[in-house]
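Letter 10 of the sequence shown, counting from 1, is numbered 10 in full-length UniProt numbering, and no numbers are missing.
Rather than coming from a laboratory, the hints here were simulated on the basis of the structure. Computed from a prediction, not measured in an experiment: that's the story for all the values here. Hints are not guaranteed to be accurate.
Stated by the list, open to error - Distance windows between CB atoms, simulated:
| no. | residue 1 | residue 2 | range |
| --- | --- | --- | --- |
| 1 | M57 | R88 | 15 to 23 Å |
| 2 | G114 | K73 | 33 to 41 Å |
| 3 | K219 | G114 | 35 to 43 Å |
Stated by the list, open to error - Restricting the straight-line Cα-Cα distance to at most 25 Å, the calculated cross-link-like pairs of lysine-lysine (PhoX-like) are:
| no. | residue 1 | residue 2 |
| --- | --- | --- |
| 4 | K61 | K173 |
| 5 | K251 | K219 |
| 6 | K180 | K151 |
| 7 | K221 | K180 |
| 8 | K97 | K73 |
| 9 | K219 | K230 |
| 10 | K97 | K230 |
Note that CB positions come from ideal geometry on N, CA and C, so glycine has one too.
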Amino acid sequence: MKRTILALGCATLIFASCKNETKKTDDSEMDNTEEMTNAEDMDQAGEWQVLFDGKNMDEWKAFNSDTVSSQWKIEGDALAFTPAEGDRAGSENLITKESFGDFELEMEWKISEGGNSGIMWGVQEGDQYSEPYLTGPEIQVLDNERHPDAKNGPNRTAGALYDMVPPSEDVTKPAGEWNKVVIRIDHENNIGSVTQNGTEIVTFEVNGEGWDKMVANSKFKDWEDFGASKTGHIALQDHGNKVWFRNIRIKEL
């Protein structure tokens, strides 16, 4: 009788052990499946595309040119613009080789004392355009404390949709310090936004009556091709001052 009870007990333990092992295997398979599903969902949703990782400038070119001069260099982990000394023949703006439509663009920027620059989208190339800002709306990059443009109105300060929409508040860090900016352009839902250093400071319509009204009340009102294209290059502006950009990436919407 004791042998029978002992045998039954062993069998129960073996069965329980097998059941637990099966459960662990099932749980492990479920975890793996969930991880694979999440990865597939992320791929389908569209992931970040790195435009500058501190190692090379492969995603960039000069505006209206296939080459980039030594004015644009990699310094540490940053893409830096240093204007050439003496008289310059013209500006050298940098643009992405690829064009983008609806997107979320993220980067960090740092401006020199008294400096001015900008980030543009929807930029078109061609002999008829001498500068990216003739077609591409600009998010301002500026030393608010020292550059005279800041005295021309809040819609010309750092983070503004230049000459059209001012920041709701000034969250810009001083010259020489890094600022993180996220620019979102969504034509389908007719909304654009600028988030700087974690605070959303600008929102605006990107087409239709709202956009047309903003342009009509700006310096761009007679510029036929300004903001007219829903797709175009991203541009980093040469405004004649030292400026740095890093950790540049974009996600198409």
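_Checking one constraint from the list: CA of K221 to CA of K180, max 25 Å. Satisfied?_
30 Å, violated
*Is 35 to 43 Å right for how far apart the beta carbons of K219 and G114 are?*
Taking Cβ atoms as reference, K219 and G114 lie about 22 Å apart, which means the hint is violated.
*Given the proposed pairing of K219 with K230, does the C-alpha separation stay at or below 25 Å?*
20 Å, holds
*Are the Cα positions of K251 and K219 separated by 25 Å at most?*
30 Å, violated
*Assess, step by step, whether the Cα of K180 is no farther than 25 Å from the Cα of K151, and give holds or violated.*
23 Å, holds
*Cβ separation of G114 and K73, checked against the hinted range 33 to 41 Å*: 21 Å, violated
*With 15 to 23 Å as the target window, see if M57 and R88 comply at their CB atoms.*
20 Å, holds
_Check whether the Cα positions of K61 and K173 lie no farther apart than 25 Å._
29 Å, violated
_Given pair status - K73, K97, alpha carbons within 25 Å_ = Judged against 25 Å, a Cα distance of about 17 Å means the pair holds.
*Take a quick look at whether K97 and K230 sit within 25 Å of each other, Cα to Cα.*
Given pair K97, K230 holds - Cα atoms ~16 Å apart, limit 25 Å.
Of the numbered hints listed earlier, those contradicted by the structure are 2, 3, 4, 5, 7.
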